[in-house]
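When you get a sec, could you build the whole thing from the sequences and use the hints?
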Amino acid sequence: MNIREWPLKERPREKLLQRGAGLLSDAELVAVLLGSGVSGRNVVDLARGLLARFGGLRQFLEADRETVLREPGMGPVKYAQLQALLEIGRRYLDAGIERSPALESPVAVRRYLKAMLRHESSEVFGCLFLDSKHRPLAFEILFRGTIDRASVYPREVVRRALQHNAAALILCHNHPSGSCEPSQDDVQLTLSLKRGLGLIDVRVLDHIIIGDREPLSMVEQGWIGG
Numbered sequence: 001m002n003i004r005e006w007p008l009k010e011r012p013r014e015k016l017l018q019r020g021a022g023l024l025s026d027a028e029l030v031a032v033l034l035g036s037g038v039s040g041r042n043v044v045d046l047a048r049g050l051l052a053r054f055g056g057l058r059q060f061l062e063a064d065r066e067t068v069l070r071e072p073g074m075g076p077v078k079y080a081q082l083q084a085l086l087e088i089g090r091r092y093l094d095a096g097i098e099r100s101p102a103l104e105s106p107v108a109v110r111r112y113l114k115a116m117l118r119h120e121s122s123e124v125f126g127c128l129f130l131d132s133k134h135r136p137l138a139f140e141i142l143f144r145g146t147i148d149r150a151s152v153y154p155r156e157v158v159r160r161a162l163q164h165n166a167a168a169l170i171l172c173h174n175h176p177s178g179s180c181e182p183s184q185d186d187v188q189l190t191l192s193l194k195r196g197l198g199l200i201d202v203r204v205l206d207h208i209i210i211g212d213r214e215p216l217s218m219v220e221q222g223w224i225g226g
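Going by full-length UniProt numbering, the first residue of the sequence shown is number 1, and it counts up by one from there.
Honestly, the hints are just simulated from the structure, not real lab data.
Just so you know, nobody snuck in bad clues.
Using 30 Å as the maximum straight-line C-alpha spacing, the simulated DSSO-like pairs for lysine-lysine come out as follows: (1) Lys133 - Lys194; (2) Lys114 - Lys194; (3) Lys114 - Lys78; (4) Lys9 - Lys78; (5) Lys114 - Lys133; (6) Lys15 - Lys78.
Structure follows, in structure tokens:
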């Protein structure tokens, strides 16, 4: 059935305007972004099919360009709109954390860091710089590629901490494989950074590892001291 034949209250765009985006399903949200379906399929059916083939919303939004463009109804314009949406979301979170008066909870920090790193296809290492009251100053990705003691330079982390006048920081990196389990190199790197930053009175509060599941806190898991 053509979506124009649906009752107004059931159409995704009208439902969003009248009742809020939070009540829409993943497929309905994607349908609002796509705007139109293809011959023989309305936009909601198209969105449901895309999510089913890719295995879910995140997998669809993070799929590479060539794969997405092979799908019926997915041209360069719609792909560009989806990528713009993802980047807007990341920038919104980034601006929000820097305006926050203080870190509300470890859960909020992990959610933020996961949003900033989970989409990366290669391993990246970043820092959330904090003031003396643990209010966020800035977030930066400092290194890209395979993360080990040879490719993360403590001197650069120290330099950026000094430039931000940080009193503390939270280290983070992602595992593109999806596993959150820290390697021995992750632990040794963290301890090395703690020693180096301790020389300039900057505390390392935690090292968060981002994978498919809930982000892992190395402090909570007992891999490093808080």
